[in-house]
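J.: With the sequences and hints as input, model every part of the structure.
With my numbering, the residue at position 27 of the sequence shown is 30, and numbering never jumps.
Honestly, the hints are just simulated from the structure, not real lab data.
Careful, some of the hints might be misleading.
[As the list claims (entries may be wrong)] Quick list of in silico lysine-lysine cross-link-like pairs, DSSO-like style, CA-CA up to 27 Å:
(1) Lys172 to Lys235
(2) Lys125 to Lys223
(3) Lys146 to Lys125
[What the hints assert, rightly or not] Have a look at the derived ranges for each label pair, beta carbon to beta carbon:
(4) Ser165 to Asp48: 19 to 29 Å
(5) Glu236 to Asp173: 17 to 27 Å
(6) Ala126 to Glu238: 23 to 33 Å
C-beta: ideal position from N, C-alpha, C; glycine also.
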Amino acid sequence: LAQGLVLQPKHRTEISVQVSDIGSRNCQQGIRMSHDKSVPEMNEDAVRDHVRTRYAETAQVADGSTPVTGVAPVAACCTSQMSVSQHTQRMGYTAEQIAAGASGEANMGLGCGNPIELAKLKAGEIVVDLGSGGGFDCFLAGKEVGPTGAVVGVDMTPDMLSKARQNAKDRQVTNVTFRLGEIEYLPVPDGFADAVISNCVINLSLNKQQVLNETFRVLKPGGRLAVSDVVKEGELPQELQTAEAFAC
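T.: So this is what it looks like as structure tokens:
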């Protein structure tokens, strides 16, 4: 995911990583690499607030509301002629999975891969989703683990959390819940999850090492980490080397 990360789980952990290059969906602004000298110096709290605002705007637009601030939603980072469904199919989801996410616009086309396929979830397992957004991957995971399993989505944006919870209520889903929190400090106990999934979210953190430390903390011995994310290849254009662009 980034240079300089150290993977040192306390127990044996299976790690699956799906990488999308910066050409995916012609979107380059959602990419940030640790220790990348082209990245401008940014205060971690300021970046987190900017990201939270961008995703709040996205949730409000998806609900048909007028954005509260003048900040453009995340979708404005990318220019594409593809619909959300087309983009999602390109990212590796099946037609059945896409249809399952259509209700309530749980799928907003913000992913860059399909961590559900990587995770190979089983009935009865407990799953944590880092940066759960509108709940698309959570609902798919909930279907995989069934009524004896459980899925916990974690997101730092209250608007996204409200949207996801409303989606769960509308779908009458009982094995998927959502918690407000940051992926660097997960509101989940030690040794809680059989699998942790994440879709195009870890790149938005300035402290990726802490994200992975937390991930391994909440995984059970022998647990699995399934990540779809983006990496940078080559230099970014000068116009994208701004704090706002990197926080997109």
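J.: Determine for every hint whether it applies to the structure shown.
T.: Against the structure, the hints:
Between the alpha carbons of lysine 172 and lysine 235 the distance comes to roughly 38 Å, so the proposed pair goes past 27 Å and is violated. With a CA separation close to 15 Å, the supplied pair lysine 125 and lysine 223 stays within the 27 Å bound. A C-alpha spacing of about 10 Å is found between lysine 146 and lysine 125, which places the hinted pair at or below 27 Å, so the restraint holds. Here the CB-CB span from serine 165 to aspartate 48 is close to 23 Å, well matched to the stated 19 to 29 Å.
Checked against the hint of 17 to 27 Å, the C-beta distance between glutamate 236 and aspartate 173 comes to roughly 40 Å, which is inconsistent with it. For alanine 126 and glutamate 238, the hinted distance range of 23 to 33 Å is not satisfied, since their beta carbons lie about 46 Å from each other.
Of the numbered hints stated above, those contradicted by the structure are hints 1, 5 and 6, listed in ascending order.
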